[in-house]
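Note that the protein sequences, when read in sequence, are chains A and B.
The opening position of the first sequence corresponds to residue 2 in the working numbering, with each subsequent residue numbered one higher.
The opening position of the second sequence corresponds to residue 2 in the working numbering, with each subsequent residue numbered one higher.
Bear in mind the hints are in silico, worked out from the structure with no lab data behind them.
Heads up, the beta-carbon is just placed ideally off N, CA and C, and yes, glycines get one too.
A couple of the hints might just be wrong.
[To be verified] Some but not every residue of chain A turned toward chain B, in silico, with C-beta under 8 Å:
hint, residue
1, Leu7
2, Leu31
3, Thr45
4, Leu49
5, Val52
6, Arg74
7, Glu94
8, Thr101
9, Leu102
[Stated by the list, open to error] If you want the footprint, here are the derived chain A segments under chain B, 3+ residues with CB under 8 Å:
hint, segment
10, 18-27
11, 62-69
2 protein chains.
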Amino acid sequence: MITPKLVAASSVPLVLSILSRGESYGYSILQRVRLLSGGRIEWTDGMLYPVLHRLERAHLIESRWGEAENGRRRRYYRLSSAGERALAAEREEWQAVDATLRALWAPKIGDASHA
Amino acid sequence: MITPKLVAASSVPLVLSILSRGESYGYSILQRVRLLSGGRIEWTDGMLYPVLHRLERAHLIESRWGEAENGRRRRYYRLSSAGERALAAEREEWQAVDATLRALWAPKIGDASHA
DNA sequence: CTCGCATACCTCGCGACCTTAGGCATTCGA
DNA sequence: TCGAATGCCTAAGGTCGCGAGGTATGCGAG
């Protein structure tokens with residue numbers, strides 16, 4: 002199980018990244034995240050929908066009501082241009098933190114300490 | 002600026018990682034994070050000390066009062082064995098999420114969509 | 001036909017935790 | 001003497017995931 006804080010930090014970039022691949026909808030996003038993470042990221046719809054609504058209020062994504070083949074109604078979301086820029090920013094932030102962590106995880110080859 | 006949620010998610014693994022390199026103390030950890038991240042991660046002591054106290058209450062780190070060369074008192078922290086295990090777990094979780102994000106950021110070479 | 005399940009969406013209260021802002025003590029240089 | 005850097009700690013406020021609960025439809029099993 003992934004810690005709640007990591008889920009919180011990754012939810013927005015994950016949703017934006019998935020939508021950058023093309024239009025999608027809530028239920029499908031849930032399954033996609035589960036699949037892509039090999040089941041290690043377990044989202045609930047109770048946290049996903051508020052995220053989608055926040056992102057839409059922030060104009061990072063846009064939605065439309067659509068009809069599935071089976072007749073069920075779905076709300077399809079897609080990335081806005083502002084969302085693309087936000088995704089790029091989120092991505093840079095993530096990579097900055099990731100680079101910092103990886104530097105600490107790397108063997109101490111270039112370590113300046115005199116230990 | 003790094004988003005608050007990313008700060009929340011990275012603070013614990015960062016602190017544990019830094020301490021895995023050897024004993025340290027609050028003020029020094031702050032500077033280390035700033036340096037390692039190239040100034041992109043800007044922590045305040047107001048968020049670091051609560052983190053340190055939580056980690057100590059959880060027995061992931063241990064502390065002792067020490068004296069600096071200049072006479073100032075410092076509280077030195079070091080990783081406990083439980084902390085080492087926790088760090089390994091945090092690291093795996095981080096890398097799981099990172100792998101998921103990178104899969105979405107990679108070019109669509111193997112993309113199964115028929116677009 | 002009816003029941004249950006998967007699909008598909010939404011909302012609310014609780015608790016965790018960063019942010020901002022403050023406080024306290026010591027050392028050193030101007 | 002006075003301010004800045006060092007070094008530690010805490011409180012109020014707001015954000016947001018989590019768990020639980022609610023609504024509705026299509027489909028297959030009995």
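Hint check:
1. Leu7: 5 Å, holds
2. Leu31: 14 Å, violated
3. Thr45: 17 Å, violated
4. Leu49: Violated, about 15 Å.
5. Val52: At about 11 Å, which exceeds the 8 Å cut-off, the nearest Cβ of chain B leaves the hint on Val52 of chain A violated.
6. Arg74: Constraint on Arg74 of chain A not satisfied, violated at 23 Å.
7. Glu94: 5 Å, holds
8. Thr101: 5 Å, holds
9. Leu102: 6 Å, holds
10. 18-27: holds (count 5)
11. 62-69: violated (count 0)
In summary, the structure is inconsistent with hints 2, 3, 4, 5, 6 and 11 from the numbered list given earlier, while agreeing with the others.
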